[in-house]
Every structure is written in structure tokens, then in C-alpha cells.
Amino acid sequence: LLIDLAAIIQVNVFKLAKKFGKLCKDIPIAIETLSDPSIYISRFVNMLEFGDKTNVVTDTASKVVLQMKKDWITTGRRPAGVCGAAIFIAARIHGFIRTETEIVNVVGLSEGT
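Once you know that position 18 of the sequence shown is 348 in the working numbering, the rest is easy, because the numbers rise by one and skip nothing.
Possibly wrong hints are sitting among the right ones.
[What the hints assert, rightly or not] Label pairs and their calculated CB-CB ranges:
# : residue 1 : residue 2 : range
1 : K393      : L346      : 28 to 34 Å
2 : I339      : S440      : 21 to 27 Å
3 : T429      : D382      : 37 to 43 Å
4 : K383      : N342      : 21 to 27 Å
5 : N376      : Q340      : 28 to 34 Å
6 : H424      : D401      : 19 to 25 Å
7 : C354      : F426      : 34 to 40 Å
8 : L353      : D401      : 16 to 22 Å
9 : P358      : L332      : 30 to 36 Å
If you're looking for bench data, these hints aren't it; they were derived computationally from the structure.
Even for Gly, the Cβ is constructed at its ideal location relative to N, Cα and C.
With the hints as extra help, turn the sequences into a complete structure.
Right under this line is the structure:
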């Protein structure tokens, strides 16, 4: 999320992250939702263009993420990587062939991830 914001406002992401960290310390609220992979799924699915099955793929990917959370698979992993894996699985379930390269390019990871 910070990477996207930094790109939009054209600021160095590391400087933005430093300021964000200070802001989080100054404001006594818990900001756990930024690490929740579910918030990224619909944006990534829309970027991959599943047509009229976009909502179905999004719902399935969300269910996959929920199951991954229950099984502690998401622990220690980047939210974008978890989203990419869930979308890859959901796409295959619904008969879409999306390559790892396509998904990696959308979620912003390397293929090794």
C-alpha cells in the first residue's frame, strides 16, 4: 500500500515508510489491516481481467486466503505474495489459465517468490 501511495504522490517509498512509522507511533491505533492480504485481492483480480467472472474469482481467492490464514500459511509472508498465490489457485479453479509471470507482474513480486 505504501509503495502504491509513494508512486502516486511521487515520493521515495523509504522516506514515506519512515514518516508512516513515526505516525503510527504517535497515533495510538492498531494498523493491522495493512498486512491483511484480502484487501488487495479485488484490485489484483481486476488488473488480470477475468471478464464477467471477476467477482467469482475474487470470492474464491478470498476464501483461499481465509483458509491459508487458518492454516497459518500466511504467517511471515508478504501480503502480495499470498494474494498472488490465492488468485493463481482461484483462476485455475474457474478454468482460467494465468501464468505465474502474469500474476507476478500484477502483484509486484519476482517469479522466485
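**Message:** Quick check on a hinted range of 19 to 25 Å for H424 and D401, using CB atoms only.
**Reply:** Holds, at about 22 Å.
**Prompt:** Is 21 to 27 Å a correct range for the gap between the Cβ atoms of I339 and S440?
**Reply:** Holds: the Cβ-Cβ distance is about 25 Å, inside 21 to 27 Å.
**Q340 and N376 - C-beta distance against the hinted 28 to 34 Å** = For Q340 against N376, whose Cβ atoms are near 23 Å apart, the range 28 to 34 Å is violated.
**Request:** With 28 to 34 Å as the target window, see if K393 and L346 comply at their CB atoms.
**Result:** holds, 33 Å
**Message:** Please check whether T429 and D382 have a Cβ separation lying inside 37 to 43 Å.
**Reply:** violated, 21 Å
**Request:** With respect to the beta-carbon atoms only, verify the hint that C354 and F426 lie 34 to 40 Å apart.
**Result:** holds, 38 Å
**Cβ distance range 16 to 22 Å for L353 and D401, holds or violated** = Violated, since L353 and D401 (Cβ atoms, about 33 Å apart) do not stay within the stated range.
**Message:** Can you tell me whether the CB distance of K383 to N342 sits inside 21 to 27 Å?
**Reply:** violated, 38 Å
**Asked** Range hint 30 to 36 Å: satisfied by the CB atoms of P358 and L332?
**Response** violated, 20 Å
Checked against the numbered hints listed earlier, the structure breaks hints 3, 4, 5, 8 and 9; every other hint is satisfied.
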